[in-house]
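Protein chains: 2
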Amino acid sequence: MTSADLASLPLDGQLAEVLAACGRNRERDLADLFRLLAQPSISAQGIGVDECSELVRDLLERSGFAARIMATPGAPVVYGERCNAPGQPTLLIYGHYDVQPADPLEAWDSPPFEPTIRDGRIWARGVADNKGQFVANVLGARAWLETVGELPINVKVVVEGEEESGSPNFPAFVAANRDLLAADLVYVSDGQVFETHQPIVEFGNRGMLYIELVAHGPSRDLHSGNFGGVAPNPAWTLVHLLATMFSPDGEILVPGVLDAVRPVTPELRTALDAIPLDEAAALADIGLTEKAAPKDLPYYDRLMVRPTMNIAGFTSGYGGAGSKTVLPAEARVKMDLRLVPNQDPAVIYDQIRAHVAAHAPGVEILHHGAMEPVAVALDSPLAAPVRRAVEVGFGVAPVDVPMVGGSLPSAVWPKELGVPAIVVPYGNADQANHSPNENMITERFYAGIRTSAALLGAMVGQNRQI
Amino acid sequence: MTSADLASLPLDGQLAEVLAACGRNRERDLADLFRLLAQPSISAQGIGVDECSELVRDLLERSGFAARIMATPGAPVVYGERCNAPGQPTLLIYGHYDVQPADPLEAWDSPPFEPTIRDGRIWARGVADNKGQFVANVLGARAWLETVGELPINVKVVVEGEEESGSPNFPAFVAANRDLLAADLVYVSDGQVFETHQPIVEFGNRGMLYIELVAHGPSRDLHSGNFGGVAPNPAWTLVHLLATMFSPDGEILVPGVLDAVRPVTPELRTALDAIPLDEAAALADIGLTEKAAPKDLPYYDRLMVRPTMNIAGFTSGYGGAGSKTVLPAEARVKMDLRLVPNQDPAVIYDQIRAHVAAHAPGVEILHHGAMEPVAVALDSPLAAPVRRAVEVGFGVAPVDVPMVGGSLPSAVWPKELGVPAIVVPYGNADQANHSPNENMITERFYAGIRTSAALLGAMVGQNRQI
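Top to bottom, those sequences are chains A and B.
Residue numbers for the first sequence follow the UniProt record's numbering, so the first one is 1 and each next one is one higher.
Residue numbers for the second sequence follow the UniProt record's numbering, so the first one is 1 and each next one is one higher.
Just so you know, the hints here were simulated from the structure itself, not pulled from any lab data.
Values in this document were obtained by computation on a predicted structure and should not be read as measured data.
Misleading hints may appear alongside valid ones.
Pairs count within a copy or across copies, as identical chains cannot be separated in the list.
[Said to hold, decoys possible] List time: in silico DSS-like cross-link candidates among lysine-lysine, alpha-carbon distance up to 27 Å:
#: 1; residue 1: K156; residue 2: K415
#: 2; residue 1: K324; residue 2: K415
#: 3; residue 1: K291; residue 2: K324
Working from the sequences, and respecting the hints, build out all of it.
Here is the structure:
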């Protein structure tokens with residue numbers, strides 16, 4: 001946004017000064033980010049995680065936070081706080097300093113851990129997911145401190161190092177540190193906006209239940225000529241079981257699973273219809289011309305209103321080239337169900353277990369993980385300052401996204417701290433997180449800094465209203 | 001069998017002499033077999049095939065046959081003949097000199113290509129499949145020659161080198177050499193008997209149709225959170241298609257596929273019921289207590305009367321440990337159908353293709369191979385001398401097996417030569433062909449030599465009766 005745009009917004013005098021300071025500190029802010037980007041921190045491979053946690057602590061300290069590294073059974077958590085605003089609300093910023101592995105290295109146009117600017121973008125592993133996003137939020141607070149001398153509200157920062165490995169220790173960490181982390185709102189910048197580049201505010205995400213069904217046949221793979229017709233085939237067992245669980249029309253058939261799905265209120269309908277959509281382009285990008293059944297369901301209802309039952313993997317017998325005449329000993333199907341409010345993954349699991357027991361009693365069911373769906377009300381009182389901050393930071397009013405299709409372990413915040421989390425992704429649509437050539441449009445990094453600075457101002461006086 | 005048993009059979013005087021000679025030549029016969037066993041001949045890996053074909057030619061020549069090596073586009077065929085019995089019938093002996101790969105080598109108790117005798121068995125890769133079996137047939141003829149000075153009938157021997165690779169060139173070889181191979185009966189020793197050790201005479205085998213169904217979804221694997229509900233899942237497409245093809249009750253549902261299945265005649269019923277069966281033991285050996293649906297179908301009807309529709313492989317999405325949330329781009333199922341007389345694999349393929357086009361028009365169907373089912377009438381005139389020869393060779397009357405569950409390319413004999421093939425397996429039930437520690441009970445090798453010697457005698461005067 002130009003300074004003319006900024007001037008047209010009715011900014012508090014102090015915030016205007018802070019934003020101006022952000023503009024003057026662009027080179028230093030970028031150097032602070034590059035220092036983190038140059039440090040590999042691959043949790044899946046245990047590479048550089050401790051070193052990176054120290055860099056994050058240093059950044060927090062240099063930004064005026066009292067910071068420390070806190071041990072977990074896995075990678076350490078970095079915690080910082082500056083709570084010198086008595087009577088004002090507390091904002092908890094969440095991020096993660098670990099990154100995905102960078103391979104295949106040969107697919108990168110520049111080395112993943114040598115950050116560089118090219119074509120108006122920062123290129124580095126982890127720049128979007130998540131270093132460039134949480135660092136922007138820290139630097140927005142620093143701008144307040146350096147300009148005004150103090151933060152206008154209380155700010156806590158928690159940065160974990162195992163998000164890319166499924167955050168195995170983080171929920172327990174939060175539960176064990178409820179008082180330390182107590183806040184009025186959890187603010188998370190992660191993920192990406194739509195192709196339009198318009199900023200968005202995310203109010204929740206789908207939950208998940210991940211199961212595996214295992215059908216057992218003979219004790220070893222058999223010759224299908226010598227035993228075909230005699231031995232039951234476990235792949236057929238699963239095919240017939242699965243056909244009772246999900247219809248060709250796209251309906252989940254397991255009794256009870258849909259019972260708790262929240263109805264679409266007029267307010268939710270309006271929000272869904274307001275999300276930008278170029279459906280033909282979205283489908284073309286994944287090589288499709290038609291959506292899954294039922295064909296007439298609106299695009300975003302599929303991601304935000306209806307649960308899914310997805311086959312993530314089906315494995316049985318011979319999968320190589322050509323032919324092999326085997327009657328397999330085993331068949332396995334991995335499934336994830338994306339859950340919407342107010343489905344409870346524990347209840348859904350029991351319903352599926354009962355269904356499997358009734359239809360294919362020999363089939364084993366494994367539980368590979370669950371996350372509860374989370375939804376923050378679109379009219380939550382704390383949504384207003386967030387929307388206002390994004391508008392100030394990006395110069396464009398954001399779109400409300402009631403629900404993200406993916407699943408995040410964000411139920412930990414309402415469950416353990418009693419507060420919601422609102423997510424504002426700073427990443428561009430083509431950020432290529434988890435892929436080679438991960439990148440972040442440089443101006444989006446700076447807009448993120450401005451957004452978090454604006455959020456601190458906008459939250460003044462907004463205590464405990466959720 | 002003891003010599004007392006032998007004496008009790010009304011043997012032709014010459015045959016008695018020949019069988020006595022077999023008894024005197026045991027050490028030399030074993031050495032001849034060991035020479036072939038020591039030569040690796042793995043067609044799948046192109047190892048030692050030419051060298052082995054020369055050893056087979058040498059054995060045939062040393063046994064009194066005019067032998068030569070005949071080129072094919074793949075491994076050579078060894079052909080030998082001794083046709084000095086004008087007016088007498090011609091027997092064509094078929095075998096294969098190639099063997100399965102021997103890995104995993106560490107699972108063998110003695111090296112696979114260092115034949116040895118232990119516990120009354122010969123241990124070596126290929127001893128049962130098929131070197132020990134076709135060599136026995138050659139040596140039975142040699143005993144006639146050495147004892148009487150000539151063979152009582154005309155004998156041709158054809159030994160191919162690609163059977164373990166699916167005989168890709170053999171049918172064309174037979175078609176191109178109809179006159180050379182012309183015979184009254186094709187005699188094959190391959191495979192194994194039942195656990196009872198009782199000899200069997202096999203009158204046919206199931207055919208096969210091997211297809212692959214490929215369902216296409218999005219153009220790449222997708223994140224099931226970001227796209228679940230939007231993109232059609234090809235694994236679900238196949239599940240729903242497959243459920244229309246084969247019922248939970250074990251019935252093939254594709255229209256027309258069962259139309260040509262031959263009815264069970266009283267004669268066939270009698271033969272089926274006469275086959276030895278310890279069903280509980282057979283099931284226990286493969287870790288089962290129950291047969292596939294329908295449960296009340298007799299055991300051998302499953303292998304000899306009814307066709308099967310087997311899922312040999314189902315592959316889609318993630319098959320590793322734990323969980324991965326992917327919406328797969330593709331799903332593949334490999335299927336073999338074991339066909340019975342008088343099903344035609346070409347007709348069945350068209351019926352399945354029409355069914356797939358009607359139910360899942362986007363699903364691709366691949367044809368990976370077909371073999372026609374073959375059945376020789378149980379009352380075929382040439383069955384009598386074969387049964388008689390087996391009784392002489394093994395000292396026990398054989399059981400008729402109307403059909404073998406597996407599939408062999410044996411339709412080539414009636415189709416190209418106009419004659420049937422009768423199969424008499426010399427291998428023991430636990431021969432472990434295709435596995436480590438392949439073996440053949442030593443006495444079964446010698447019984448095989450006696451059987452083929454007896455067959456030459458029993459066929460005298462049995463011309464063109466099929």
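Consistency of the hints with the structure:
Taking the shortest Cα distances, K156 and K415 sit within 27 Å of each other inside one copy (18 Å), while across copies they are farther apart (84 Å). Taking the shortest Cα distances, K324 and K415 sit within 27 Å of each other only across copies (26 Å), while inside one copy they are farther apart (51 Å). With identical chains, the CA atoms of K291 and K324 are at most 27 Å apart between copies only, with a shortest distance of 23 Å across copies and 34 Å within one.
In terms of the numbered hints stated before, the structure departs from none.
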